[in-house]
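*Asks:* This is what each chain is made of:
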Amino acid sequence: EPEVTQTPSHQVTQMGQEVILRCVPISNHLYFYWYRQILGQKVEFLVSFYNNEISEKSEIFDDQFSVERPDGSNFTLKIRSTKLEDSAMYFCASSGAGEQYFGPGTRLTVT
Amino acid sequence: RKEVEQDPGPFNVPEGATVAFNCTYSNSASQSFFWYRQDCRKEPKLLMSVYSSGNEDGRFTAQLNRASQYISLLIRDSKLSDSATYLCVVNQAGTALIFGKGTTLSVSS
Chain E
319 EPEVTQTPSH QVTQMGQEVI LRCVPISNHL YFYWYRQILG QKVEFLVSFY NNEISEKSEI
379 FDDQFSVERP DGSNFTLKIR STKLEDSAMY FCASSGAGEQ YFGPGTRLTV T
Chain V
2 RKEVEQDPGP FNVPEGATVA FNCTYSNSAS QSFFWYRQDC RKEPKLLMSV YSSGNEDGRF
62 TAQLNRASQY ISLLIRDSKL SDSATYLCVV NQAGTALIFG KGTTLSVSS
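Read top to bottom, the protein sequences are chains E and V. According to this note's numbering, the first sequence is numbered sequentially starting from 319. According to this note's numbering, the second sequence is numbered sequentially starting from 2.
Here chain E stands alone, though its shape is the one from the complex (with noise of 0.2 Å):
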């Protein structure tokens, strides 16, 4: 059954430093999508994919993230100056037309 991978699984990181968050869609979908969630805490979207360009994107989604899909494959999540309240799981997900599927997360931990 098609998956949707995750790299890496952890990243620990210092404040202030970039951090890039890596995901392989679905081969065939065609929305992508980034959410987070904070230790016992719900799942929070950030940011949807479609057609190479943002389609919608959160509150939470500030100047200091944005996305690529730098091939055909792969599709990245980055932080470019991390804090501490950036320390979450981060999922990566995809969907055809309907329902989204989620891959496994990179634990992000920022000291």
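There's no promise every hint is true.
[Said to hold, decoys possible] Taking lysine to any residue pairs in the SDA-like style, the calculated list, with each CA pair at most 25 Å apart, reads:
hint, chain 1, residue 1, chain 2, residue 2
1, V, 46, E, 414
2, E, 360, V, 46
3, E, 375, V, 27
4, E, 360, E, 390
Derived by calculation from the structure, the hints in this document are not laboratory data. Since this is a predicted model, take the numbers as computed values, not measurements.
Given chain E, put chain V in place with the hints provided.
*Replies:* Below, chain V alone, put in the same frame as chain E:
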């Protein structure tokens, strides 16, 4: 007002029990509805979509009441493996999924 509200639980039930979870959503323009399951420190996994007429998948039954903005999930004959957090999820205009905080279920032998 929270967009998607759920009773956080935990619900502690014995194997074989029937358990029901409820969820309310605030935006009447919500278009699609889902139940996801999340195991500890894992990704949300789609359990089932929820349709206006109600739908069933094995031991799981989902109901939607658009007038009351209310969604439910019924689990019959609970198994140990059903222990997880159940997330009520709605999709409003656009593509973003809006998650509830989840209801924790613990099934014991």
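*Asks:* Take the C-alpha atoms of residue 360 (chain E) and residue 46 (chain V), compute the straight-line distance between them, and say whether it is at most 25 Å.
*Replies:* holds (14 Å)
*Asks:* Hey, residue 375 (chain E) versus residue 27 (chain V), does the alpha-carbon distance stay inside 25 Å?
*Replies:* holds (20 Å)
*Asks:* Does residue 390 (chain E) lie within 25 Å of residue 360 (chain E) when you go C-alpha to C-alpha?
*Replies:* violated (31 Å)
*Asks:* Hint check: residue 46 (chain V) vs residue 414 (chain E), CA-CA at most 25 Å. Holds or violated?
*Replies:* Roughly 16 Å between the alpha carbons, so the hint for residue 46 (chain V) and residue 414 (chain E) holds.
Figure legend: structure checked against the earlier numbered hints; the only hint not met is number 4.
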